[in-house]
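Following the hints, position chains X and W against chain G.
Here the protein sequences come in this chain order: G, X and W.
If you use the numbering used here, the first sequence corresponds to residues 1 to 107, in order.
If you use the numbering used here, the second sequence corresponds to residues 1 to 282, in order.
If you use the numbering used here, the third sequence corresponds to residues 1 to 151, in order.
Heads up, a few of these hints could be off.
Calculated pairs, DMTMM-like style, for lysine to aspartate or glutamate (alpha carbon to alpha carbon, straight line, at most 25 Å) [said to hold, decoys possible]:
| # | chain 1 | residue 1 | chain 2 | residue 2 |
| --- | --- | --- | --- | --- |
| 1 | X | Lys230 | G | Glu28 |
| 2 | G | Lys49 | W | Glu84 |
| 3 | X | Lys230 | G | Glu30 |
| 4 | W | Lys140 | X | Asp65 |
| 5 | G | Lys4 | X | Glu72 |
| 6 | W | Lys140 | X | Asp103 |
| 7 | G | Lys8 | X | Asp103 |
| 8 | W | Lys120 | X | Asp65 |
| 9 | G | Lys79 | X | Asp103 |
| 10 | G | Lys4 | G | Glu87 |
| 11 | W | Lys120 | G | Glu30 |
| 12 | G | Lys22 | X | Asp214 |
| 13 | G | Lys11 | W | Glu105 |
| 14 | W | Lys143 | X | Asp65 |
| 15 | W | Lys140 | G | Glu61 |
| 16 | X | Lys209 | W | Glu59 |
| 17 | W | Lys131 | G | Asp63 |
| 18 | G | Lys22 | X | Asp81 |
| 19 | W | Lys139 | G | Asp63 |
| 20 | W | Lys131 | G | Glu28 |
| 21 | W | Lys140 | X | Glu62 |
| 22 | G | Lys22 | X | Glu80 |
If you want the footprint, here are the derived chain W segments under chain G, 3+ residues with CB under 8 Å [what the hints assert, rightly or not]:
| # | region |
| --- | --- |
| 23 | 89-99 |
| 24 | 114-120 |
| 25 | 131-137 |
Everything labelled a hint here was simulated from the structure, so no lab data went into it.
The beta-carbon is built from N, C-alpha and C at its ideal position, and this holds for glycine as well.
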Amino acid sequence: MASKPRIKVPKSASAGEVITIKTLISHEMESGQRKDKEGNPIPRRIINKFTCTFEGELVFECDLDPAISANPYFEFNAKVPASGTFEFTWLDDDGSVYTAEAPIEVK
Amino acid sequence: MKRLLLAGVVLAASIAGSGPVWADPVEDTLEIDGMPIVTQTAAPEGHPFDEVYSGWLFRSAETRDLERDTFENPGMIAVEDGEAMWNTVMGSEGKSCASCHEDASVSMKGVGAHYPKWDADSGKPINVELQINKCLTEQMGAEPLPFNKNGQRELTAYIKHQSLGMPVELDLTEGDMQSWWDRGKDVYYTRTGQLNLACASCHETAMGKMIRADHLSQGQVNGFPTYRLKNGLTSLHQRFRGCIRDTRAEQPKAFSDDLMALETYVTWRGTGLSVETPSVRQ
Amino acid sequence: MQLTRRNVLGLTAGAAAFAIAGGRISPAMASAEEAEKMVMEFAGGAMPAEGKITLTAPEIAENGNTVPVSISVDSAMEGDDLVESVIIFADGNPSPAVATFHFTEMSGEALATTRMRLAKTQNVIAVAKMKDGSFYMDKKQVKVTIGGCGG
Chain G
1 MASKPRIKVP KSASAGEVIT IKTLISHEME SGQRKDKEGN PIPRRIINKF
51 TCTFEGELVF ECDLDPAISA NPYFEFNAKV PASGTFEFTW LDDDGSVYTA
101 EAPIEVK
Chain X
1 MKRLLLAGVV LAASIAGSGP VWADPVEDTL EIDGMPIVTQ TAAPEGHPFD
51 EVYSGWLFRS AETRDLERDT FENPGMIAVE DGEAMWNTVM GSEGKSCASC
101 HEDASVSMKG VGAHYPKWDA DSGKPINVEL QINKCLTEQM GAEPLPFNKN
151 GQRELTAYIK HQSLGMPVEL DLTEGDMQSW WDRGKDVYYT RTGQLNLACA
201 SCHETAMGKM IRADHLSQGQ VNGFPTYRLK NGLTSLHQRF RGCIRDTRAE
251 QPKAFSDDLM ALETYVTWRG TGLSVETPSV RQ
Chain W
1 MQLTRRNVLG LTAGAAAFAI AGGRISPAMA SAEEAEKMVM EFAGGAMPAE
51 GKITLTAPEI AENGNTVPVS ISVDSAMEGD DLVESVIIFA DGNPSPAVAT
101 FHFTEMSGEA LATTRMRLAK TQNVIAVAKM KDGSFYMDKK QVKVTIGGCG
151 G
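With the rest of the complex left out, here is chain G:
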């Protein structure tokens, strides 16, 4: 994975407001269905889980299968109870963990 994950979270919200979050991460999502030029199967290597928490509490999670496109994109909603930080985690088949976070202020 070359670049850092991209996340889009509003900077502020009112208490209890439901906001939209977008995330995009650079990843081949090698499906395990393809073959290389010599005809050998290319092993599967995908992001298999994406998790969004707010101050440690689960907001949204997705189990990904190889049918998710390269550079996995998610758009989902979240309720904002108070000022705090959204944490994002992507798990790679190879054991790598990619993380990002975004603060939000309740006005």
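Only chains X and W this time, still in chain G's reference frame:
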């Protein structure tokens, strides 16, 4: 094989073009993060069309939507990779692009709208990819980037993206640009390959029609490098070569004189369209 | 043969099928029956009712590599009126599973969008699992065009 041959016949027949026009460009307007993008404008003098259309107008609603928001545009990952490269020291002189050109949003603004330009040193037009290589070898003490490798597409996309929304306009009065334009026009109208197709066969005569399941556009280049849903970030010369391969002709080398002339001519054909790099296409 | 639009479509579809068979992907494709079995497994043995959940996907996808898909479930997302998860299947892919979304009260609303791969024209199915143990489904056919010259 028989089916494939039939498909070839159908392809040729549909391009020969007495059939109905199945789908014209859509009527839609594009704003990218609120910035208005010109996707349709009056053609420059001497152009075969009255109006030039961005390829964006030939894509489905879902594909068009991907380009409206730079966050949702998967090509922006490559632009960010290009930005990292811009700030990375390359070569024996210990310099990055930023060492000399500093803030790309200032120094590179307009580059994507005005290249190819005349390069007096080589006596040829130079595009962004070759300009990067010129900097790398002459200023930075580095190796030139090989075609489509080592971040060439990404850095090119980052540089061209700095001109997002600016209208394409070439200066054909510089040096010998006009004769390269003439040569590019020849390439554009010359039929090649077993299928005997010229650029114009699909993108001028059959513009707006379907070729198999693909909606033929004017073949504008204002969005390159483009993010193709089919195979990710795609450079202009990669696309030229792909088109030419599909005519079953021998492919000219990337940045060869024929393709540099073609880039000059085809860029001119999109005069007035906004730079969309990285555009999103099928 | 007269070259009508229908003939052209038939021929090109044949050529497309041929292109796939000769190409890099040739595993056995999942069947509608297999997907149905997986839906029933997820839903505890019965076919879920229609309603409550809306699946949005293009009628025609320009390229099967990147097909936007959204789900939205009508729910207060509080107390017992909560969507626990939504699973997406594609019944013509090598393997029907696409993704499973998990929601909580913190989700605010049960909606999500992602992008998926579809190997060919097929049905996309979304099943919502509610906290009260009920299940709902929606199904859309997405036609996948094998176009895209060059590149």
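So, going through the hints one by one against the coordinates:
1. Taking the CA atoms of Lys230 of chain X and Glu28 of chain G, the gap is near 13 Å; set against the 25 Å cutoff, the hint holds.
2. Under the criterion of a C-alpha separation no larger than 25 Å, the hint pairing Lys49 of chain G with Glu84 of chain W is consistent with the structure, at around 16 Å.
3. Note on Lys230 of chain X and Glu30 of chain G: the hinted pairing holds, with a Cα-Cα distance of about 15 Å set against a maximum of 25 Å.
4. Simply put, Lys140 of chain W and Asp65 of chain X have alpha-carbon atoms about 20 Å apart, close enough for the 25 Å limit, and the pair holds.
5. The hinted pair formed by Lys4 of chain G and Glu72 of chain X meets the criterion: a straight-line CA distance of about 15 Å does not exceed 25 Å.
6. For the hint pairing Lys140 of chain W with Asp103 of chain X, the CA-to-CA distance comes to about 48 Å; that exceeds 25 Å, so the pair is violated.
7. Restraint check for Lys8 of chain G and Asp103 of chain X: satisfied, since their Cα atoms lie roughly 24 Å apart, inside the 25 Å limit.
8. A distance of roughly 22 Å separates the Cα atoms of Lys120 of chain W and Asp65 of chain X; the hinted pair therefore holds under the 25 Å criterion.
9. Distance check on the hinted pair: Lys79 of chain G and Asp103 of chain X sit about 38 Å apart at the alpha-carbon level, beyond 25 Å; violated.
10. A threshold of 25 Å between alpha carbons decides the hint, and for Lys4 of chain G with Glu87 of chain G the separation of about 14 Å falls inside it, so the pair holds.
11. Restraint check for Lys120 of chain W and Glu30 of chain G: the C-alpha separation of about 18 Å stays at or below 25 Å, so the hint holds.
12. As the CA atoms of Lys22 of chain G and Asp214 of chain X are separated by approximately 30 Å, the hinted pair breaks the 25 Å bound.
13. A threshold of 25 Å between alpha carbons decides the hint, and for Lys11 of chain G with Glu105 of chain W the separation of about 21 Å falls inside it, so the pair holds.
14. Between the alpha carbons of Lys143 of chain W and Asp65 of chain X the distance comes to roughly 19 Å, so the proposed pair stays at or under 25 Å and holds.
15. For a cut-off of 25 Å, the pair hint linking Lys140 of chain W to Glu61 of chain G stands: about 24 Å separates their Cα positions.
16. Between Lys209 of chain X and Glu59 of chain W the alpha-carbon distance is near 20 Å, which keeps this suggested pair within the 25 Å criterion.
17. A hinted pair counts as satisfied when its Cα atoms are at most 25 Å apart, and Lys131 of chain W with Asp63 of chain G qualifies at roughly 19 Å.
18. With a C-alpha separation of about 19 Å, the suggested pair Lys22 of chain G and Asp81 of chain X falls inside the 25 Å cut-off, and the hint holds.
19. The suggested pairing of Lys139 of chain W with Asp63 of chain G holds, with an alpha-carbon distance near 20 Å, which does not exceed 25 Å.
20. With a C-alpha separation of about 35 Å, the suggested pair Lys131 of chain W and Glu28 of chain G falls outside the 25 Å cut-off, and the hint is violated.
21. Annotation: proposed proximity of Lys140 of chain W to Glu62 of chain X holds, straight-line Cα distance about 16 Å (limit 25 Å).
22. For the given pair, Lys22 of chain G sits about 17 Å from Glu80 of chain X by alpha-carbon distance, which is consistent with the 25 Å threshold.
23. Only when three residues or more bring their CB closer than 8 Å to a CB of chain G does the claim for the region 89-99 of chain W stand; here the count is 7, and the claim holds.
24. A count of 5 residues in the region 114-120 of chain W with a Cβ less than 8 Å from any Cβ of chain G is obtained; the coverage claim is therefore met, three being the minimum.
25. Counting residues of the region 131-137 of chain W whose beta-carbon sits less than 8 Å from any beta-carbon of chain G gives 0, not enough to reach three: the coverage restraint is violated.
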